[in-house]
Amino acid sequence: MSAIYALYPDPASAQDAFDALKRARADLGVDSSKIVVVTSEPFEGYDFSGDHAKSYMFPLAALGGIVGGCLGYWLASFTQTSYPLVTGAMPIVTSWTNGIIIYELTMLGAIVTTLITLLITAGLPNFKPKLSDPEIWNGKILVGVMDPPQAARGELSAKLRGAGAIAVKDWPASEPT
Amino acid sequence: MKKSEEQIQEDLLRPLFEASPAYWIAVALAGSLVLAGVCTLLYQFYTGIGVWGLNSPVFWAFDITNFVFWIGISHAGTLISAILRLANATWRRPVTRCAEAITVFALSIGAIIPVFHIGRPWLAYYMLPYPSERGIWPNFRSPLAWDFFAINTYLIGSISFLFLPMIPDFAMVRDRAKGLRRKLYGLVSLGWQGTPRQWHRLETAMHIMAIAIIPVAVSVHTIVSWDFAMTPVPMWRSTIFGPYFVVGAIFSGIAALILAMALLRKTLHLEEYLQPLHFSNLGKLLLTFSLLWFYFTFAERLTTWYGNSEPEMAVFWSTVRGQFAPLFWTMVTFNFIIPVPILAIKRLRTIAGTVVASSCIVAGMWLERFLIIVPSLSRKYLPYAWGSYRPTWVEMTLMASGFGLMALLYLVFSKLVPMIAIWELKVGMQEAPASLVREASAVHGAGGESAVTDLSS
Numbered sequence: 001m002s003a004i005y006a007l008y009p010d011p012a013s014a015q016d017a018f019d020a021l022k023r024a025r026a027d028l029g030v031d032s033s034k035i036v037v038v039t040s041e042p043f044e045g046y047d048f049s050g051d052h053a054k055s056y057m058f059p060l061a062a063l064g065g066i067v068g069g070c071l072g073y074w075l076a077s078f079t080q081t082s083y084p085l086v087t088g089a090m091p092i093v094t095s096w097t098n099g100i101i102i103y104e105l106t107m108l109g110a111i112v113t114t115l116i117t118l119l120i121t122a123g124l125p126n127f128k129p130k131l132s133d134p135e136i137w138n139g140k141i142l143v144g145v146m147d148p149p150q151a152a153r154g155e156l157s158a159k160l161r162g163a164g165a166i167a168v169k170d171w172p173a174s175e176p177t
Numbered sequence: 001m002k003k004s005e006e007q008i009q010e011d012l013l014r015p016l017f018e019a020s021p022a023y024w025i026a027v028a029l030a031g032s033l034v035l036a037g038v039c040t041l042l043y044q045f046y047t048g049i050g051v052w053g054l055n056s057p058v059f060w061a062f063d064i065t066n067f068v069f070w071i072g073i074s075h076a077g078t079l080i081s082a083i084l085r086l087a088n089a090t091w092r093r094p095v096t097r098c099a100e101a102i103t104v105f106a107l108s109i110g111a112i113i114p115v116f117h118i119g120r121p122w123l124a125y126y127m128l129p130y131p132s133e134r135g136i137w138p139n140f141r142s143p144l145a146w147d148f149f150a151i152n153t154y155l156i157g158s159i160s161f162l163f164l165p166m167i168p169d170f171a172m173v174r175d176r177a178k179g180l181r182r183k184l185y186g187l188v189s190l191g192w193q194g195t196p197r198q199w200h201r202l203e204t205a206m207h208i209m210a211i212a213i214i215p216v217a218v219s220v221h222t223i224v225s226w227d228f229a230m231t232p233v234p235m236w237r238s239t240i241f242g243p244y245f246v247v248g249a250i251f252s253g254i255a256a257l258i259l260a261m262a263l264l265r266k267t268l269h270l271e272e273y274l275q276p277l278h279f280s281n282l283g284k285l286l287l288t289f290s291l292l293w294f295y296f297t298f299a300e301r302l303t304t305w306y307g308n309s310e311p312e313m314a315v316f317w318s319t320v321r322g323q324f325a326p327l328f329w330t331m332v333t334f335n336f337i338i339p340v341p342i343l344a345i346k347r348l349r350t351i352a353g354t355v356v357a358s359s360c361i362v363a364g365m366w367l368e369r370f371l372i373i374v375p376s377l378s379r380k381y382l383p384y385a386w387g388s389y390r391p392t393w394v395e396m397t398l399m400a401s402g403f404g405l406m407a408l409l410y411l412v413f414s415k416l417v418p419m420i421a422i423w424e425l426k427v428g429m430q431e432a433p434a435s436l437v438r439e440a441s442a443v444h445g446a447g448g449e450s451a452v453t454d455l456s457s
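Quick mapping for you: the protein sequence lines, in order, are chains Y and H. Positions 1 to 177 (this note's numbering) are the ones given, in order, by the first sequence. Positions 1 to 457 (this note's numbering) are the ones given, in order, by the second sequence.
With the rest of the complex left out, here is chain Y:
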């Protein structure tokens, strides 16, 4: 796995680079899924961060809550009917108090589902080597292309530089070019 990438001082120039790569992807034989942006903070309002705005995390969290609530109802009512306490003519399955268990497990279901959804959809954990550069932590924005066609490397480098890159590098051997 290799990459060619550039570092940009601000999101506007990173956006220019992203647009330039998107425009040239047919000519250069680059798949749009191979264009990578890496930042040290989220940037809202830029196209390079907008491609992934759609997610099903909210409905999935709600579904997790419903499953948790059903589990809570089953746990409490199954326990009460399987091991009935002497309640003195009071109900064995007590809806009012079971409501508390159902409520807590509903919330727990939503929280745990959100956590699992985040990990799966964000591809975490993943300890394989990934395209990155220590400079991103100083506010630079990385825009690059994974596995670029050998013939298009020169053209890609020119496009990245033309958008205002402060450095264009190769990955894994990140020698300044």
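Treat the hints as calculated values from the structure; they're not laboratory data. As the structure is a computational prediction, the values presented were derived from the model and not from experiment. Be careful, since some hints might not be right.
Cut-off 20 Å, straight-line C-alpha distance, at most; resulting in silico cross-link-like pairs (SDA-like, lysine to any residue) [stated by the list, open to error]:
1) Y:Lys-130 - H:Ala-177
2) H:Lys-183 - Y:Leu-131
3) H:Lys-426 - Y:Gly-139
4) Y:Lys-128 - H:Leu-277
5) H:Lys-3 - H:Lys-183
6) Y:Lys-130 - H:Arg-182
7) H:Lys-426 - Y:Lys-130
8) H:Lys-183 - Y:Pro-125
9) Y:Lys-130 - H:Val-188
10) Y:Lys-22 - H:Arg-197
11) Y:Lys-128 - H:Arg-174
12) Y:Lys-128 - H:Ile-167
13) H:Lys-426 - Y:Asp-133
14) Y:Lys-128 - H:Lys-183
15) H:Lys-178 - Y:Pro-172
16) Y:Lys-130 - H:Gly-186
17) Y:Lys-128 - H:Leu-187
18) Y:Lys-130 - H:Arg-174
19) H:Lys-183 - Y:Ser-13
20) H:Lys-178 - Y:Ile-136
We have chain Y already, so just place chain H on it with the hints.
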């Protein structure tokens, strides 16, 4: 002067790589309190729970006071942080992690107290809902079983809420560190890269967590209050206890947060990040809750007095002008009389002022928990069942070690994790993208830029 991203990173990561002698002295002091607590606990396990001052009828006292107190303190973090996140309060950014850490540690300390209180902690697993050959399953009608579910849900939610925004900061430390430290931070950063997809998922998850955690936090302290309100003991069977406890919890939580922030500000030299504005804003919140606390206390006392039921009045008078009166009036002074003028007058709502008010409130709220528990148990319905209570050295040592454990966990945490979320701070410094400014100008006219600044922050 506006700091660069490099400077911010340098300032906030410095405590992870360096430690002053004062830091190690603080660790040693807190550690010795914890050690004293561990030795005392071993002595208690060996001799039995009779070494506590509990008796019939006062079967709950210092330990349950501490339990309620720490669960209350835990409301500082996640709840406040979640509310401020959802309200998009820009000043929250340096405050949230300090607050969320308080929640996790205070909740852990609070949750462990009932385990010691059962006398034979090795049988604590009886509370777990699992199929047992003994036929003993939890009684879901008991508020103690509700506690188990509520506290554990809140703990899991709070740990997630604290951990998720730490992942990018861990990745930052990973890329700066060397050797074993690099490996460890690499592990806890879960291989974070920082792609737009990851950022978006993280922010969405934080948003959902913030929505989910608020009702959970409210339920936790409501359920803690029901440990009392479901019991036929004078002045406990009160419908007002749920909201009264929640208000008290947030009140003591904000006070603890201010104290922790002041401590971090000094010891980690975060003066430029934890500014007077943050203390002043939290001071305003504290003032609101001081007034709310007084309102609830008055409402609760007034209805008792007006009802004039003999058993309840016995407890009422023992707190207002009897055996517990000095503690009661100290509580009112610490929770209302001292803090309100300090926090209401802008000139006094300084860092020092809010710290003084918060110190009083933390002490006052501990007294409040004690005064809810012990006077009621001392004066039950039948006068022949009346009694009194005096704490022993074992209980006092355990209480002190609880504070020591909190300080130790916080100090260790500040050495391992940046106490201010660096990436969140950077987001606060971002300028709005030109496309958004154009869109807002079309909607708001000339004032579009300021509208976007509000929007993006």
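Okay, the hints, checked on the actual structure:
Between Lys-130 of chain Y and Ala-177 of chain H the CA atoms are separated by roughly 17 Å; this keeps the pair inside 20 Å, and the hint holds. Between the alpha carbons of Lys-183 of chain H and Leu-131 of chain Y the distance comes to roughly 18 Å, so the proposed pair stays at or under 20 Å and holds. Note on Lys-426 of chain H and Gly-139 of chain Y: the hinted pairing holds, with a Cα-Cα distance of about 9 Å set against a maximum of 20 Å. Restraint check: the Cα-Cα separation between Lys-128 of chain Y and Leu-277 of chain H comes to about 43 Å, which exceeds 20 Å; the hinted pair is violated.
Restraint check: the Cα-Cα separation between Lys-3 of chain H and Lys-183 of chain H comes to about 30 Å, which exceeds 20 Å; the hinted pair is violated. Restraint check: the Cα-Cα separation between Lys-130 of chain Y and Arg-182 of chain H comes to about 15 Å, which is no more than 20 Å; the hinted pair holds. Between Lys-426 of chain H and Lys-130 of chain Y, the direct Cα distance comes to roughly 23 Å. Violation of the 20 Å bound is thereby established for this hinted pair. Pair hint Lys-183 of chain H plus Pro-125 of chain Y holds up; C-alpha atoms about 14 Å apart against a cutoff of 20 Å.
A threshold of 20 Å between alpha carbons decides the hint, and for Lys-130 of chain Y with Val-188 of chain H the separation of about 16 Å falls inside it, so the pair holds. Between Lys-22 of chain Y and Arg-197 of chain H, the direct Cα distance comes to roughly 17 Å. Compliance with the 20 Å bound is thereby established for this hinted pair. For a cut-off of 20 Å, the pair hint linking Lys-128 of chain Y to Arg-174 of chain H stands: about 14 Å separates their Cα positions. Simply put, Lys-128 of chain Y and Ile-167 of chain H have alpha-carbon atoms about 16 Å apart, close enough for the 20 Å limit, and the pair holds.
Pair hint Lys-426 of chain H plus Asp-133 of chain Y holds up; C-alpha atoms about 18 Å apart against a cutoff of 20 Å. Between Lys-128 of chain Y and Lys-183 of chain H, the direct Cα distance comes to roughly 13 Å. Compliance with the 20 Å bound is thereby established for this hinted pair. A hinted pair counts as satisfied when its Cα atoms are at most 20 Å apart, and Lys-178 of chain H with Pro-172 of chain Y qualifies at roughly 19 Å. With a CA separation close to 12 Å, the supplied pair Lys-130 of chain Y and Gly-186 of chain H stays within the 20 Å bound.
Restraint check for Lys-128 of chain Y and Leu-187 of chain H: the C-alpha separation of about 12 Å stays at or below 20 Å, so the hint holds. As the CA atoms of Lys-130 of chain Y and Arg-174 of chain H are separated by approximately 13 Å, the hinted pair is consistent with the 20 Å bound. Note on Lys-183 of chain H and Ser-13 of chain Y: the hinted pairing is violated, with a Cα-Cα distance of about 34 Å set against a maximum of 20 Å. Using a Cα cut-off of 20 Å, the hinted pair Lys-178 of chain H and Ile-136 of chain Y holds, with the two alpha carbons roughly 18 Å apart.
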